[in-house]
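Student: If you want the building blocks of each chain, they are given just below.
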Amino acid sequence: MSETKCEPVIQVDRVHKVFNPESENRVVALSDFTLAVERGEFISLIGPSGCGKSTLLRLMADLLTLQEGELKINGKLPAEARLDRDYGFVFQAATLYDWRTVSKNVQLPLEIMKYPKAEREARARELLALVELEGFEKHYPWQLSGGMQQRVAIARALVFEPTLLLMDEPFGALDEFTRERMNMELMRIWEQKDLTVIFVTHSIPEAVFLSTRIVVMSARPGRIIKIVKNEVEYPRVFASRKTQQYYETVNEVREALASAHSYEI
Amino acid sequence: MKGQIFARVLRFFQKYAPSITLAVGVLVFWEVVVTVFAIQQFLLPKPSAILTEYLNELRLFLDPAGASLLFEASGATLREAIGGFVIGCGSGIGIALLTARWTAVNQALMPFAIAANSVPIIAFAPIMNNWFGITNPFSKMAIVSIIVFFPTMINTVRGLTLIDPNQLELMHSYAASPMRIMRDLRIPNALPYIFSALRIASSLSVVGAIVGEFFGGPLWATLGDFITQEASRFNFARAWSAIIMASLIGLSMYFVVLALERWLMPWHVSFRTDSS
Ligand SMILES: Nc1ncnc2c1ncn2[C@@H]1O[C@H](COP(=O)(O)OP(=O)(O)O)[C@@H](O)[C@H]1O
Ligand SMILES: [Mg+2]
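If you read the sequences in order, they're chains A and B. Going by the working numbering, 148 is the number at position 148 of the first sequence; the sequence numbering is gapless. Going by the working numbering, 232 is the number at position 232 of the second sequence; the sequence numbering is gapless.
None of these hints come from the bench; they were simulated from the model. Be a bit skeptical, because a hint or two may be false.
Said to hold, decoys possible - If you only want the chain A side, here are some residues facing chain B, beta carbon under 10 Å, derived: (1) ASP62; (2) PHE91; (3) LEU108; (4) ARG156.
Note that the Cβ used here is the ideal one computed from N, Cα and C, for glycine as well.
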């Protein structure tokens with residue numbers, strides 16, 4: 001894919017994050033975390049609860065402040081990247097506003113960025129088509145299923161054309177079948193657009209289906225156990241899950257996770 | 001179209017049939033008990049006697065040549081209740097909006113507001129009557145507005161500040177300004193809280209106005225005084241017809257608030273229907 005001549009989209013360098021440093025509930029959420037993400041990569045972060053996946057994502061998004069180490073997004077500090085609206089963020093809960101219709105929810109970032117109305121509506125329509133929700137513009141969030149709500153959240157995160165997508169267990173609350181369909185859709189969107197994705201998940205099959213690389217983490221303190229390069233061939237389609245390469249990668253991730261936990265159980 | 005209206009009316013009656021049956025049952029029971037046990041009318045008048053008084057006043061009110069004391073008194077009380085409601089709720093919401101921007105001011109104010117909310121504010125009624133003049137309708141409006149102010153302010157502050165952290169993070173991720181967060185997140189989030197306060201305030205304001213009137217005011221000019229005067233003359237059927245008017249005023253204010261609520265937040269859980 002892309003060459004190493006351009007600078008990485010994300011540069012995490014010896015990042016340390018401690019919550020409540022002074023008190024007795026001091027938690028080392030991330031310890032000596034280093035990772036470089038190239039443009040166009042799809043990185044999955046996988047690991048047990050509490051290993052700092054969300055913390056890392058929130059640091060990248062400037063929703064938490066960095067204390068130690070260096071973190072650059074497109075060569076900028078996270079705060080600058082946030083002000084430049086360099087990234088879109090998708091939470092585990094769809095986090096749609098109940099009082100807005102589907103189309104109005106998708107338009108929210110564009111309203112904040114003061115796009116003219118006609119363009120807002122056109123873009124919302126385009127993005128809703130991308131996530132296969134044409135015809136639902138005027139519905140309210142409660143009228144949609146969980147999977148549809150999460151598709152609206154993805155449309156909203158992409159509507160202002162950020163090149164970086166940060167996703168914190170976006171399909172964690174969905175049933176297995178819906179999750180697999182959402183994986184296919186996300187794959188298609190990632191291939192169609194020039195996107196770099198950081199994707200937090202608990203599901204090994206999901207990580208292997210989607211990612212270019214899988215970062216296996218362990219808890220207390222949160223750190224990298226192994227980075228698995230995913231050689232499953234593109235295009236990733238339904239049948240990709242039956243290939244030898246897929247099995248091998250799944251096992252590699254599983255073993256890395258098991259080794260990280262062996263001493264904790 | 002006609003069929004649709006008929007269906008709606010039918011649905012309405014189906015929904016409220018139990019309540020209507022209950023109400024009619026209670027009235028009939030009341031009438032029978034008063035008649036059978038020959039209860040003195042000054043203790044408890046018959047519903048039919050109250051209705052007769054009421055219809056008589058209604059006829060005087062509708063007659064351009066006549067004048068209904070009861071309906072004029074009701075108008076005065078209604079004006080006091082609405083005036084106090086608007087002033088009290090308006091300033092409650094207004095102050096909550098102003099202080100929501102400054103968390104420190106807000107946190108300093110809240111304990112006092114909650115304490116003030118548990119004070120029986122109606123006890124201030126004689127003082128308000130002295131401050132603004134006992135015959136001045138504003139003395140009653142003042143009582144009403146103080147009574148409705150605290151619950152409205154407290155609920156509005158809650159609605160503006162009790163927000164899902166993810167929804168706030170979402171706004172931050174778009175680098176939204178505090179004004180934007182106020183307009184597009186805090187205020188819509190607060191609407192259900194505000195309306196639940198307004199619904200309570202709508203009933204409280206009628207109670208406040210009438211109790212304020214009990215402490216004095218122009219003769220027969222308000223429902224509170226109308227009830228006092230008629231009761232002291234043992235005209236209990238007339239006093240009861242005034243009580244009915246007070247209930248009607250309270251109910252209509254409640255339904256106006258409810259209608260406003262439906263109009264302003266059609267998305268809210270309480271108005272969802274299964275047809276989508
Ligand atoms: N705001 C916070 N204050 C204190 N501790 C926190 C906070 N956020 C996360 N933590 C702690 O940091 C650790 C990592 O949390 P998190 O990044 O949410 O893990 P993950 O997303 O991998 O499950 C956990 O032990 C969690 O309890
Ligand atoms: Mg998490």
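Student: All the hints need checking, so say for each whether the structure fits it.
Tutor: Verification of the hints:
This hint holds: ASP62(A) has a C-beta 8 Å from the nearest C-beta of chain B, less than the 10 Å allowed. A distance limit of 10 Å between C-beta atoms decides the matter here; for PHE91(A) the minimum to chain B is near 5 Å, and the interface restraint holds. Checking LEU108(A) against chain B by beta carbon gives a least distance of about 7 Å; that is within 10 Å, so the hint holds. Evaluation of the ARG156(A) hint against chain B yields a held restraint, the C-beta minimum of about 9 Å falling below 10 Å.
The earlier numbered hints are all upheld by this structure, with none contradicted.
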